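Enquirer: Chains as they are written, first to last, in my numbering: chain A, 95 to 551; chain B, 95 to 551.
Rather than coming from a laboratory, the hints here were simulated on the basis of the structure. A hint or two may mislead.
One copy or any two copies: either way a pair holds, since identical chains are not told apart in the list.
As the list claims (entries may be wrong) - Here are the simulated DSS-like cross-link-like pairs (lysine-lysine), alpha carbons at most 30 Å apart as the crow flies: (1) 465 <-> 498; (2) 191 <-> 114; (3) 294 <-> 126; (4) 355 <-> 175; (5) 229 <-> 190; (6) 229 <-> 543.
As the structure is a computational prediction, the values presented were derived from the model and not from experiment.
Number of protein chains: 2
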Amino acid sequence: MSEAKKIPYKIYLEENEMPKYWYNMRADMKNKPAPLLNPGTLQPMTAQELSAVFCDELVKQELDNDTREYSIPQEILDFYKMYRPSPLVRAYCLEKKLQTPAKIYYKFEGNNTSGSHKLNSAIAQAYYAKQQGLKGVTTETGAGQWGTALSMACSYFELDCKVYMVKVSYEQKPFRREVMRTYGASVVPSPSDTTEVGRKILAKYPGTTGSLGCAISEAVEVALGNPGYRYVLGSVLNQVLLHQSVIGMETKIAMDKYGIKPDIIIGCAGGGSNLGGLIAPFMGEKLRGEADYQIIAIEPASCPSLTRGKFAYDFCDTGMVCPMAKMYTLGSGFIPAPNHAGGLRYHGMSSTLSQLYHDGYMEARSVEQTKVFQAAEEFARVEGILPAPESSHAIRAAIDEALKCKETGEEKTILFGLTGTGYFDMVAYEKFHDGLMTDYIPTDEELQKSFDTLPKV
Amino acid sequence: MSEAKKIPYKIYLEENEMPKYWYNMRADMKNKPAPLLNPGTLQPMTAQELSAVFCDELVKQELDNDTREYSIPQEILDFYKMYRPSPLVRAYCLEKKLQTPAKIYYKFEGNNTSGSHKLNSAIAQAYYAKQQGLKGVTTETGAGQWGTALSMACSYFELDCKVYMVKVSYEQKPFRREVMRTYGASVVPSPSDTTEVGRKILAKYPGTTGSLGCAISEAVEVALGNPGYRYVLGSVLNQVLLHQSVIGMETKIAMDKYGIKPDIIIGCAGGGSNLGGLIAPFMGEKLRGEADYQIIAIEPASCPSLTRGKFAYDFCDTGMVCPMAKMYTLGSGFIPAPNHAGGLRYHGMSSTLSQLYHDGYMEARSVEQTKVFQAAEEFARVEGILPAPESSHAIRAAIDEALKCKETGEEKTILFGLTGTGYFDMVAYEKFHDGLMTDYIPTDEELQKSFDTLPKV
Chain A
95 MSEAKKIPYK IYLEENEMPK YWYNMRADMK NKPAPLLNPG TLQPMTAQEL
145 SAVFCDELVK QELDNDTREY SIPQEILDFY KMYRPSPLVR AYCLEKKLQT
195 PAKIYYKFEG NNTSGSHKLN SAIAQAYYAK QQGLKGVTTE TGAGQWGTAL
245 SMACSYFELD CKVYMVKVSY EQKPFRREVM RTYGASVVPS PSDTTEVGRK
295 ILAKYPGTTG SLGCAISEAV EVALGNPGYR YVLGSVLNQV LLHQSVIGME
345 TKIAMDKYGI KPDIIIGCAG GGSNLGGLIA PFMGEKLRGE ADYQIIAIEP
395 ASCPSLTRGK FAYDFCDTGM VCPMAKMYTL GSGFIPAPNH AGGLRYHGMS
445 STLSQLYHDG YMEARSVEQT KVFQAAEEFA RVEGILPAPE SSHAIRAAID
495 EALKCKETGE EKTILFGLTG TGYFDMVAYE KFHDGLMTDY IPTDEELQKS
545 FDTLPKV
Chain B
95 MSEAKKIPYK IYLEENEMPK YWYNMRADMK NKPAPLLNPG TLQPMTAQEL
145 SAVFCDELVK QELDNDTREY SIPQEILDFY KMYRPSPLVR AYCLEKKLQT
195 PAKIYYKFEG NNTSGSHKLN SAIAQAYYAK QQGLKGVTTE TGAGQWGTAL
245 SMACSYFELD CKVYMVKVSY EQKPFRREVM RTYGASVVPS PSDTTEVGRK
295 ILAKYPGTTG SLGCAISEAV EVALGNPGYR YVLGSVLNQV LLHQSVIGME
345 TKIAMDKYGI KPDIIIGCAG GGSNLGGLIA PFMGEKLRGE ADYQIIAIEP
395 ASCPSLTRGK FAYDFCDTGM VCPMAKMYTL GSGFIPAPNH AGGLRYHGMS
445 STLSQLYHDG YMEARSVEQT KVFQAAEEFA RVEGILPAPE SSHAIRAAID
495 EALKCKETGE EKTILFGLTG TGYFDMVAYE KFHDGLMTDY IPTDEELQKS
545 FDTLPKV
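Bound conformation, chain A alone:
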């Protein structure tokens, strides 16, 4: 492919160019991610144990460190066609504004009603639930992006969808709740009196506004207690990274088509679903020694699991009912400071990404939220897209790298993931506009206290 081929503002793949399979990075990793452990026995979780919580096919995907390619089922390909391909955008206007010789590209996942990349895995998980003949699925949601995505997916396959939404979000983000209701989901504020764990917590802390950990515990309890239901999760898990590889696959096909090779690949990282998806095929080449890329995970300074966490086994939920994973973690008791408005607030990081980071295949940086919102606003004004706070972590890093190029004169090609839009995050933007947004970096003492909650494995 000629390097001289004119690069359009936006590259959309044709239907016949779209990826037909998901790529499993684990197949090419020498050091596989550590297995999930049963918190009771401390033994690796078996497929049978996991199948009480997850669909059978998803259990297989979760445990499969060997199969390189998974064919995407036709029904999922059909759904993908409704909102994919997502555009790979050349940020000509941002480059001009920054006066940088760098070439900046971003893969924009926000052009669907869930507002983010979460739909890529939601539809897959709903599909396998349907295939297994299940009645429905349960999940938790914080801000609501994952809950929205899952509602859309369940509506498409006519599955029942029960979402436990952290009570404070349920009350403060009624619009997200209404989007989920539009798609027929039942949305319950958590903690609730519909579960044992919810009732216990309500009795102990009557005024609590809820937490993600509690919502997970409720959703898992309901899945375990209702025949024909399973629990689903939107990030962290290996299966989720597998589904999200569609982001990177599309990106790579589009770049190859125009002879573009990224020097730097940047993704924001909370649980790792977007980062793991975006980098997948590039990381594959790196793991196989076929190409090299500088890969950077960006996380909030207020929730710095990769940059300041420990690589250890930890609980995936604060309720400690889920399997334990080996990952970079701040401890399952970690809660970001109340002023944190930028998302990406999970205490740990995908096992797969944690292992890759540990083995030196990628870097990590943390950024403070006021600088993130500055980047968000600068980006919105020239590129015309109002980014989600999460995505704006990657924008911040991409701008910083482009400004370095301006100093050095290097014409690097920078790729970043723009995971979603910020339409439901205007409260945070308002804080920023009103000068009320502050930064907080946890002290070493605070982190140590949180590390003390790590299980002794």
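Let chain A serve as the given structure and place chain B on it in line with the hints.
Expert: Just chain B now, kept in the frame of chain A:
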């Protein structure tokens, strides 16, 4: 082009296929739209009179009934590349759900941060303001779509942007306001003490929550009183329909490419900006006798300007400071019932569309809002896009036509305009979900009372 060419889910034009000019329907109309009148002299507004309010180039476009094609300036084409082409979507999933032999297509304008087609004209109006060396522009906004679009356009060209936002919306839709602030606009709740008309109204009605008419009057006053400023408007005007023709041009190019000819074209209609843009090139063929299409305007039963209004000269604003236009109107004093949540609440209709309707080139229908929201939800669940209430009027009609085809077995091709997304309209969706949404059709007596406000011209 072969009819057999496989139609993808979404058709995106390549950059080199994009329209290079706007099409002016008036050039092909035998009966031109009636001229704007000076409300003082009742004489046609001259270019000089209009140039106190509007940019010079926009005045030219407003008055030009002859030029068929306007080249789109390169700077606007560059901006269009950031969010255009918009996809022309084949609604395969909706067709399947309805089990209709009809083929349904929609042109989706919601994939940009303003959330609607309004940006197509906002960027043009900002460009001409910048070309004229102006400092800034003023406008009014109700729900905020137009204000958002204009903020984005002004940010791009570094123009000052003052938005008068109806006070009740300013307070109830803080998120829209924050999006505008993200783009650097100053947003003032109207009525305000920043203008003479605002102060008068506040003195007379201290507790008023504002109206579009008042906000227009304030925005016009500020434009007239500040050298280097002009007023801009997002619908109704001929210039706006001209810019919005880019919607129809793209649609027609995409359909021609795949050998598709629509039998029915459906657009929602408030002031007429979307409908006029979508149908432009098709109407051109119809006016020139080259092809025939069934063209249907859909309006709310609670604000039925085409279906129940009078074709007469009327004030464009309730403050009666703007020129008068000959149009289908309910009278400038008309206000939709308080339970109306579906948008499209302007009392009149574009002069150009009014003339075309009067001359029999298009039909009009009105629909009740609960049926509109039923269609919205049905569409969202199968097509994955949460539609704006405005756009859902067109969805309602498209579904109804497709169901007729199911009965008759006709394989009609239906095209409709999906103008935007409903992310900021969840209060209305909530009402609908909670069963609190009602319908209201104004009585003949109520309309007669409103017609009594028509000027005697």
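Enquirer: Against each hint, give a clear statement of whether it holds in the structure.
Expert: Hint-by-hint comparison with the structure:
1. In this assembly of identical chains, the alpha carbons of residue 465 and residue 498 lie at most 30 Å apart only when taken from the same copy (16 Å versus 56 Å across copies).
2. In this homomeric assembly, residue 191 and residue 114 come within 30 Å of each other (Cα to Cα) only across copies, at 25 Å, whereas the closest approach inside a single copy is 37 Å.
3. For the homomeric pair residue 294 and residue 126, neither the shortest alpha-carbon distance inside one copy (38 Å) nor that between copies (73 Å) is at most 30 Å.
4. Taking identical chains as interchangeable, the C-alpha atoms of residue 355 and residue 175 lie at most 30 Å apart whether they share a chain (26 Å) or sit on different chains (23 Å).
5. Proximity of residue 229 to residue 190 under the C-alpha cut-off of 30 Å is restricted to the inter-copy arrangement: shortest distance 22 Å between copies versus 52 Å within a copy.
6. Taking the closest pair of Cα atoms, residue 229 and residue 543 never come within 30 Å of each other, the shortest separation being 42 Å inside a single copy and 56 Å across copies.
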